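Trainee: Those protein sequences? They're chains A and B, same order as listed.
Residue 201 in this note's numbering sits at position 163 of the first sequence; the count goes up by one each step and never skips.
Residue 417 in this note's numbering sits at position 379 of the second sequence; the count goes up by one each step and never skips.
Derived by calculation from the structure, the hints in this document are not laboratory data.
A quick note: this is a predicted structure, and the numbers were derived from the prediction, not measured.
A few of these clues could be false.
[Said to hold, decoys possible] When the alpha-carbon atoms are kept at most 30 Å apart in a straight line, the in silico DSSO-like pairs for lysine-lysine are as follows:
| id | chain 1 | residue 1 | chain 2 | residue 2 |
| --- | --- | --- | --- | --- |
| 1 | A | 368 | B | 190 |
| 2 | A | 193 | B | 229 |
| 3 | A | 190 | B | 43 |
| 4 | B | 368 | A | 79 |
| 5 | B | 193 | A | 69 |
| 6 | B | 369 | B | 127 |
| 7 | A | 229 | A | 280 |
| 8 | B | 46 | B | 365 |
[Claimed, not checked] Covered by chain B, according to a simulated footprint, are these stretches of chain A (three or more residues, beta-carbon under 8 Å):
| id | stretch |
| --- | --- |
| 9 | 314 to 321 |
| 10 | 330 to 337 |
Each residue gets a CB set at the ideal place from its N, CA and C atoms; glycine is no exception.
Protein chains: 2
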Amino acid sequence: MKNQKAVKLGILGLGVVGSELVSQIVKNASKIQMETGVSLKIEKIYVQTLHKTRSIDTTGLPLTTNIKDIISNPSINIVCECMGGSGFKLTRDYVLEAMTNGKHVIMSSKKALAKFAELLLITANSHNVHLKYDASVGGGIPIAKVLEHTFKGDKLLKIMGIFNATSNYIYSKMFKENLSFDAALKMAQDKGYAENDPTDDLDGYDSLYKLIILTIFGMNKVIDPSLLVPDSFAGINIKDMKYAEELGYCIKPIAIIKHENSTIEYKIGPCLIPSEHIIANTFNNYNTILIEGENNGDLAFYGQGAGAKPTASAMFDDLMNLLVSPKLKKKFPFSLIDRDIITKYQSKLYWRFTVKNEVGVLSSLTGILAENKINIEKLIQKDEQQDGIEIVLLTSMADTSIAESILYQLNESGIVNNAVIPFV
Amino acid sequence: MKNQKAVKLGILGLGVVGSELVSQIVKNASKIQMETGVSLKIEKIYVQTLHKTRSIDTTGLPLTTNIKDIISNPSINIVCECMGGSGFKLTRDYVLEAMTNGKHVIMSSKKALAKFAELLLITANSHNVHLKYDASVGGGIPIAKVLEHTFKGDKLLKIMGIFNATSNYIYSKMFKENLSFDAALKMAQDKGYAENDPTDDLDGYDSLYKLIILTIFGMNKVIDPSLLVPDSFAGINIKDMKYAEELGYCIKPIAIIKHENSTIEYKIGPCLIPSEHIIANTFNNYNTILIEGENNGDLAFYGQGAGAKPTASAMFDDLMNLLVSPKLKKKFPFSLIDRDIITKYQSKLYWRFTVKNEVGVLSSLTGILAENKINIEKLIQKDEQQDGIEIVLLTSMADTSIAESILYQLNESGIVNNAVIPFV
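Please build the complete structure, drawing on both the sequences and the hints.
Mentor: Below, the structure is given as structure tokens:
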């Protein structure tokens, strides 16, 4: 071909995602050339150690342990960041320097992106480079590409979904196989769906970072992660899943943000969702991302939330789109979210109590709730257990912190509160 | 702004979709200018009658009853086709002439697109114009934008989903409210989800056209619609929905195409799908489109399948993307599907029979199936009805036409076959 444009690529990291990305680029070499008219060359791949067993054969690959060979290399046009867990501050620094040196960047590290979004976006805008990020949220779900090309005349009111594949795998196994949280976690670890130390997935921060990234690109709003606090996904009880099912609901590891009337409301944690909801049928390592627009109503996107192949495919597609449209059409507009507009998440609540089988105890419970203006919509008395009678309640709109404020009163009356879970 | 590029738009049709599109363009005038750098002007709107009550105020709108004012007007750059049910051959002719005259076209009419895809694509390619079509499939679901920007290194193996909002509304009402097909159809008509003559939605051709369009843009394969025959969505029995539910399945109005090993297998009609499948939780007027890639696994997209606002939003987004990237990057590559590679859809089958309560009749039934090499996986005997005992069977892989071939044998033995439904 004549006049073929040459583009040089630098790749940061050669873990499972980086290796898969290299494979896809090599495998599709002629397709890239044909469809984009670009002669693409992997110029350098940054690794921490040269000699290490990897998932691909590295013979002939241009490995380097000097990061400057990529981020300060004037011949490199595009940088793909596949640093994974190699330190989010380092990732930020590398991405910033690459952009400052005029390189487009395709990111996969959600933590670095969510925590330093403002700085990264300002830098991308001021150096007229693309910052692509589809691989950082929802694995192979092309949510960023959708947000880039849709909702042009619409306004996004809500983003919600199941973003953490590990928690969802655990919840799915609990529900389907009637397992305790710990037993399902063990199973997830055995199958490679959870780390030996599962904290990062279960403490809710993985979902929080993804929610922040989606809010940036869907609503053009940057939220400092330190302004949000997730609930933990850990420790959910199979009993509550079963009781929820009887009521027509599932318990799922949810993240949700609503932006209406100049306020932001959010929740990250276990939530009840109607069993017939599109999100309810998201099982195992799958994710579903739902966005609600004024004109479009609900749109939902379902796919594998993690895994080297879907994640690398998301990066490969970003790369192809960048090769076809390298010119930055416009700077990315965004504004910062002020902490004052973030309000508490309000919803109906599910409660489970254990009460002594004594005269007047139910009257105490309902009395305490009434005193605190909590309106009971449904009360179900379950069979007697060893430690008392179980009571399941659904109450009307409130925020979950109301539970803490009445704990003392409940304890005084011999009522144990086992669970308070919001609805979506 | 200086040096603003001016683009002139022609709109064909001012029904509910055309009117909503005009509204969105007017409402977002300054946004269009700011985000695309283009000064967009609605130059002409083609209508059949000037004086007619419409859903928007037409005062000041540049209406014309002369189609040439748009499709042969050298000053018009982009044509939005919102002809709806105004005749698919006329739509084809208008679109062809517009493209031949160098105009980009954003289409919404699925029948014209599906039936004349080859001619339309050849014309778009030879005149170097864009042919956008996201509004023709799945209303507000941005499936075309996804297919345009993803799966660059992947191969699509399967497309399936619920594409017809009317049938899905009827099936949903039947299932949730325990109604007969006719009662649910009446309800759909009363609510405006079905036409007085619902043939076009219920005979399966609406889904067939959408499946063909998705196959074009997802697999780059054009199939002549006359090579495919849909089953009707009408006449499904609530009994079968309830029996399917007991077995862990839903019955949904499905369209599916698989492309593997150089063969094409398809089915359009009622199908059983596991109740836990992401598609199973698609109710009322919503659609879900699922695509399966070699690398990406399953991806599914859910949203309102019809309605003026979602459909017009899809066209508005196509328009905005076109204004940002007017240059055609490459011609659309496609090939024609040969009729020889289309094979019969094979799946497990669900059967419902009524048999007389007599000695040996069950033995006759199982005997006839065995003779025809139909392997029974599950047999459930239901309560006795007025006309006999109901038997529900699940059998292993076969195509539904096998039922027809044994009807005579069954009748001879006093066995009535009430339903044969494939699985997905």
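Trainee: Evaluate each hint against the coordinates.
Mentor: These are the hints, each one checked on the structure:
{"no.": "1", "hint": "A:368 to B:190", "result": "holds (24 Å)"}
{"no.": "2", "hint": "A:193 to B:229", "result": "holds (27 Å)"}
{"no.": "3", "hint": "A:190 to B:43", "result": "holds (19 Å)"}
{"no.": "4", "hint": "B:368 to A:79", "result": "holds (21 Å)"}
{"no.": "5", "hint": "B:193 to A:69", "result": "holds (12 Å)"}
{"no.": "6", "hint": "B:369 to B:127", "result": "holds (24 Å)"}
{"no.": "7", "hint": "A:229 to A:280", "result": "holds (25 Å)"}
{"no.": "8", "hint": "B:46 to B:365", "result": "holds (16 Å)"}
{"no.": "9", "hint": "314 to 321", "result": "holds (count 7)"}
{"no.": "10", "hint": "330 to 337", "result": "holds (count 6)"}
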